[in-house]
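Given only the sequences and the hints, what does the whole structure look like? Please build it.
As they're listed, the protein sequences go chains A and B. Going by UniProt numbering, the first sequence opens with residue 1, and the numbers climb by one from there. Going by UniProt numbering, the second sequence opens with residue 1, and the numbers climb by one from there.
Hints in this document: simulated from the structure, not taken from any laboratory. Misleading hints may appear alongside valid ones.
As the list claims (entries may be wrong) - Straight-line alpha carbon distances no greater than 27 angstroms define the calculated DSS-like cross-link-like pairs of lysine-lysine that follow:
#1 K752/A - K34/B
#2 K335/B - K318/B
#3 K75/B - K8/A
#4 K251/B - K335/B
#5 K919/A - K98/A
#6 K353/B - K126/B
Unchecked claim - Stretches of chain B that chain A covers, calculated by requiring three or more beta carbons in the stretch to come under 8 angstroms of a beta carbon on chain A:
#7 55-64
#8 79-87
To be verified - Here are some of the chain A residues that sit facing chain B, going by a computed Cβ distance under 7 angstroms:
#9 M720
#10 F721
#11 T722
#12 V726
#13 I918
#14 K919
#15 L935
#16 R936
#17 V941
#18 A958
Ideal Cβ placement from N, Cα and C applies to all residues, glycine included.
Here's the letter readout for the chains.
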Amino acid sequence: MPGKLKAKIVAGRHLPVMDRASDLTDAFVEVDDEDLQDEPLQVTVLDHDTYSANDAIGKVYIDIDPLLCSEAASVISGWFPIYDTIHGIRGEINVLVKVELFNDLNRFRQSSCGVKFFCTTSIPRCYRAAMVHGFVEELVVNEDPEYQWIDRIRTPRASNEARQRLISLMSGELQRKIGLKVLEMGGNAVVGYLQCFDLEGESGLVVRAIGTACTLDKISSGSAPNTTTHIHPNTAPASNACNSPSKDGKEPVFGEDLLSSSGPPTPFRALPTSSSSPPPFSPSKPCSRQSSSSDTDLSLTPKTDTLSLPGSGSVGCGHGTAPRATTPPPPSSTRSDSALLRKSVSFTEDLLLAASVLCAECDKTEAGLSSVIRNGQWGKRREGSRAFEDPAQTADADSSRAEGTEFPFFTLTSFPPGFLVHVGGVVSARSVKLLDRIHNPDEPETRDAWWEEIRQEIKSHAKALGCHAVVGYSESTSICEEVCILSASGTAAILNPRYMREGCLDIGITDHRLCRLKKKAQGEVNATAISNLLPFMEYELHTQLMNKLKLRSMNALFGLHIQISVGENMLLGLASATGVYLTALPAPGSIQIAGKTPGDLSNEHHILTIQKRINDTIAKNKELYQINPPEVSEEVVGSPIPEPRQRSRLFRSHSESSDEVSELDLSHGKKDAFVLEIDDTDAVEDIHSLLTDAPTPAGFYSCNTEIMPGIYNWTSAVQMFTSVRVFRLSNVNLTNQGLNKIFTDLCENLLKSFYFKLRSMIPCCLCHLNFTVAVPEEELIQVAVTAVAMTFDKDQNQEKPPDKPITKGCSETEEQLQFPLELCADSSSANSQTSSKISGIAHLLTNTLGTVSLLTPAAKLCQNQLVMVRSAVSSLERSSPLPEGRSRSLRSNRSFGGSSVTVVKMTPLSFLPGTRIIKYLGIINMFFIRETTSLREEGGVSGFLHSFIAEVFAMVRAHVAALGGNAVVSYSMKECVFMENPNKNQAQCLINVSGDAVICVRETDQEPVPSNIGQTCTSGTDGAT
Amino acid sequence: MAVELDVFVGNTTIMDEEVYQLWLDGYTVNDAVKVRIEGGVMEECEASADVLLSDTMDQYRTFQMCERLLHSPAKLANQLLFQIPPHRQAVLIERYYAFDDVFVREVLGKKLSKGTKKDLDDISAKTGVTLKSCRRQFDNFKRVFKVVEELKGPLVENIRQHFLLSDKLARDYAAIVFFANNRFETGKRKLQYLTFQDFAFCAGQLINNWTVGAVDNMVEDMDVDLDKEFLQELKELKILITDKDLLDQHKSLVCTALRGKTKAFTEMEANFKNLSRGLVNIAAKLTNTKDVRDFFIDLVEKFIEPCRSDRWTAADMKLYLTHYTNSAHILDTFKHQVVWDRYMGVIKSCIFKMYHD
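This is how it looks when you write it as structure tokens:
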């Protein structure tokens, strides 16, 4: 791409002494950048030596992509750490970079200048989505320099730098290719951009990325109705940008203008007839689609007997193609005609069903695993909806599906209200591949085909759930030697491109295909150990989660994150989720304990004791979280109230039930389907440990989602941290049980450490607490966590608006707790001989209407509640005396307390509490290698990694500051590969981080909004107080 | 099962002040954990010993990484590796440069050389300050000394600016540097009763009155060396004891003024000549470096000890010295009033400070 790059080296400081004799350094720089877009600007700092070769001090890589975007930064200027892969940071140089672009008019252009990338998995704050085009993916392969013959003769530094350079080249290329795809689709941005590296070893180095192509419009300060920009950012971290402009009718995807054609009464109008409709939704408020959609969500609670179920079955894949972007579809009058009104009664059953999938899972032996799930679950599903099925609608849905994009996937986790009509549940697929079987490893075709396969499977799973789209979609791999597990997961959902339209869910589709797939896979190949183990592991993880959930009296899981890691001699699975109690769903049943030998009196007594303890615990938890039985939920119109639940330990026991599947009458939903059989001592121990779960220290809360429901009054104190632990399993002959216990303890201890370290922040909540596990070597387990601790104000006033109906479960207590569940299952595995495909298991974990975020770490809890809150606030806000958007205080907190270094806050979340993002400056995507040959001298492995992580933070902050930013949101450490050789006193580590550089300003708090939110939600879920 | 690697890195560097102090005090990780457990922090947050150990190790590593920066505190403010709020930076620096009075008392006036550093284990054993801490403190002294030695301008201000220390701490360091530079003897048994703060006060007096910077508005020269010209001029004071008339006259003036005002009058009158000779001789000998070093011991031997054996009270001392100084002005033939005042001003304050048990 034609352009002129100007780089000026302004100054240097803190340079290392390179000349022992004089204690000086004769530093000079070399600047190198061949290709603007693919390659970062590379500044090499050297020490001049007259008689010998110049010594390298280090390098600075500056990604100049943000400069290629007209809207982002215009100049990069600031201090950059000089980084050397052997010595780490060695001083800093001040660099100023400018780019002058010539117009890129070539029609067959190879560049994709101007396409913005966002790691954030929601529509970025200061934009609104004019169009969501859909899924984009790309993958590039190259030979790994570490495995090239030349690596034998070059220095480690040269090798590391070659690798770093290659990877940034590849990610540049990847980004450019994706950018081109986006431009072809007519979009201008990629949201939820997820880039990963696969270090395949001999077979190559893969950089792959997925994202959601969008057309984003910048919200100009004056025009946008400030419905949500004023919302307390904590409660509405996402999607506020896109729901606000809904009035202008320019949103073919999020809201096609079909008002006129929608025949049936809108839910909006219908709702007031419902006795308990909350005031924020009163008709007095502007009739924006957004508000009605919120109402729509409301109306979907079991109570409503008005026929206000929104959403058409014809959604999903239908939107997102480029043609549609430019040509809005014809008025859907025909569709709405054919759309059958579906009573909410049926929906209620769906909800019940959703909750009882938990039960369904337990009602099968392991052998019959997936088919039972399907039959139980989906058979029921069909039954529940039979009466309302409409052939026409089904056909309609099919046709619309046909014209959809190839993969109706969205990497987003938050959507504008009403965008999601129905959430089907978790879909996931895994596949085990052998890397040494790739025919031409240097070409991407094979990997493309693998992922294609997986995505097809996910798509079919989603279809099987009656959904046409997958949201919160993500992909990952785990590689050990030549075995590679590819995983993909997401939440199947039905999207609604048209508001105000009654629709019928196409739920008649069964999922038999899933089962067949699985059988086929097992039948066709000699199932390898891994592929055989995978489904069982996943099943078990789910079972454990469900048990925990029941024990905590919760009925839904959010942010489910299942991770399978493969090692030489074990498979490691970790599932975390945040449990909540939704009043819209039936309360969970109790857990029954059954002994194996009924005749044994002492045993029976023992079981009784345990049963009593379980019951007590459940009762206690119910009290703790103030959970009310679902009977009362009939009074509730509106928010499903999330109730956090305690984190629980691994609970390993076989759940076998003699209940027949048919007894799982989901329409009744309250069956106690949980029967835990104590068949060995381990299980007893597990139950004991379960019951004696160490409580979290007072003042701490934690969740693995973006925010914790019930806490809205965040203060601005945030502390992001990265923690890595590596454990060596000393006893090789551990049983699965033993391994489980150890692994659980590891996670538990890690959490305890966090609580202790962050005790000065009390009261605070650890958000986005997701564990990443890896098995770097035999007997080694590596756990990495990047999370953020945020403080909140405990003394928030809790007054409720007088006209607000009291919802049940709203009065939360201080003891309200919420923790991710972690479970694990390990087992030995032999190397697989073949690549065998594992069919994914589609589990419906939650099923709530309008629930916008599921499954991904960034998922927000209880979106549909937030949706309503947001609408509520919009009406409240109009009367607020505050000026809108931009005119508010722009006080920047960039310079802080006289420090000469810009304070850069970092968070894995998409927002910073107490602040408003006013500008996105570009994506941060950095890859570093650090190596040492003096491990002991650097403080051992911990010292080495500690300083490396600190250095990575420093380099991220420096880049953000140079762009003029003061924060990184959606930060994540994608990769942390650590290798050591203590005998040689060597270690090497690769770290890949990404995030969005932003400018944020302090949110002025004079406005009443936060407290209003507090109120609205307080009545719902105000846990913090 | 063993933890092979365990790190926790915050975007904002997390530092526990208690652990920092333990680190500064030279505790090993295990000892620090013990102290923390005894301190009851476990109950505070339901932590286990493992958690404490992990936390302590993390913090120790962080401090070790920061130490390099603390050696030139100005770097701490503009380095990029650790994001530390400014107020916390100040605490880190201040604590790092803080020292134990018992330790500094041992090395005060000694050459800050490798030789002295070798004796640190003896000092450690004697004072009970850990060797690690001794080393840190010694290196701090040396570092500050090296930096300000060559700098022009006021000593205290230089230290304050280069090391971002509080005024109080900067003054203490100025004293240490001043003592080290002039190698004042402080270790003799007779001086053992004096504390570091006594000496620091005296150093302040000397710096403010007897150095070049004290009179020359601190532009050209340094604060660390005594004003050579002034020391030469001090020789002139000898006339007060060599001229018999002057000595008698001085004595009678002082005695007249003191008579009936103190119980120790008899002793004062009897000892006047001895005491006066002592003080004036100290002044006259200060041109010799060796005698400068003995300045404090001379003060004690020639003045403080005789007075103490005569059981003067502090008030007696004050009274005596005031009249002793002032009476010299009335002496007709004594022409060195300015030098006398400059000399006696410091001597008076020093003796007041040093005259205690």
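Verification of the supplied hints:
For a cut-off of 27 angstroms, the pair hint linking K752/A to K34/B stands: about 19 angstroms separates their Cα positions. Taking the CA atoms of K335/B and K318/B, the gap is near 24 angstroms; set against the 27 angstroms cutoff, the hint holds. Of the supplied pair hints, the one linking K75/B and K8/A holds, its CA atoms being roughly 24 angstroms apart against a limit of 27 angstroms. About 17 angstroms separates the Cα atoms of K251/B and K335/B, which keeps this hinted pair within 27 angstroms; it holds.
For the hint linking K919/A to K98/A, the alpha-carbon distance of about 19 angstroms falls within 27 angstroms, and the restraint holds. With a C-alpha separation of about 26 angstroms, the suggested pair K353/B and K126/B falls inside the 27 angstroms cut-off, and the hint holds. Under the rule that three or more residues need a Cβ within less than 8 angstroms of chain A, the assignment of the stretch 55-64 of chain B holds, with 6 such residues. Closer than 8 angstroms: that is the beta-carbon criterion, and the stretch 79-87 of chain B has 8 residues meeting it against chain A, so the requirement of 3 holds.
Nearest Cβ of chain B to the Cβ of M720/A: about 4 angstroms, under the 7 angstroms cut. The hint holds. Here the hint on F721/A is kept, as its CB sits about 4 angstroms from the closest CB of chain B, short of 7 angstroms. Below 7 angstroms, beta-carbon pairs count as interface contacts, and T722/A has one with chain B at about 5 angstroms; its hint therefore holds. Interface restraint check for V726/A: the shortest CB-CB distance to chain B comes to about 4 angstroms, inside 7 angstroms, so the restraint holds.
Given hint, I918/A at the interface with chain B, is violated; its Cβ is 21 angstroms from that chain's nearest Cβ, farther than 7 angstroms. Using the Cβ-Cβ criterion of 7 angstroms, the hint placing K919/A at the interface with chain B is not satisfied: the shortest such distance is roughly 20 angstroms. Here the hint on L935/A is broken, as its CB sits about 11 angstroms from the closest CB of chain B, past 7 angstroms. Evaluation of the R936/A hint against chain B yields a violated restraint, the C-beta minimum of about 14 angstroms exceeding 7 angstroms.
At about 4 angstroms, the closest approach between the beta carbon of V941/A and any beta carbon in chain B falls short of 7 angstroms, and the interface hint on this residue holds. Evaluation of the A958/A hint against chain B yields a held restraint, the C-beta minimum of about 5 angstroms falling below 7 angstroms.
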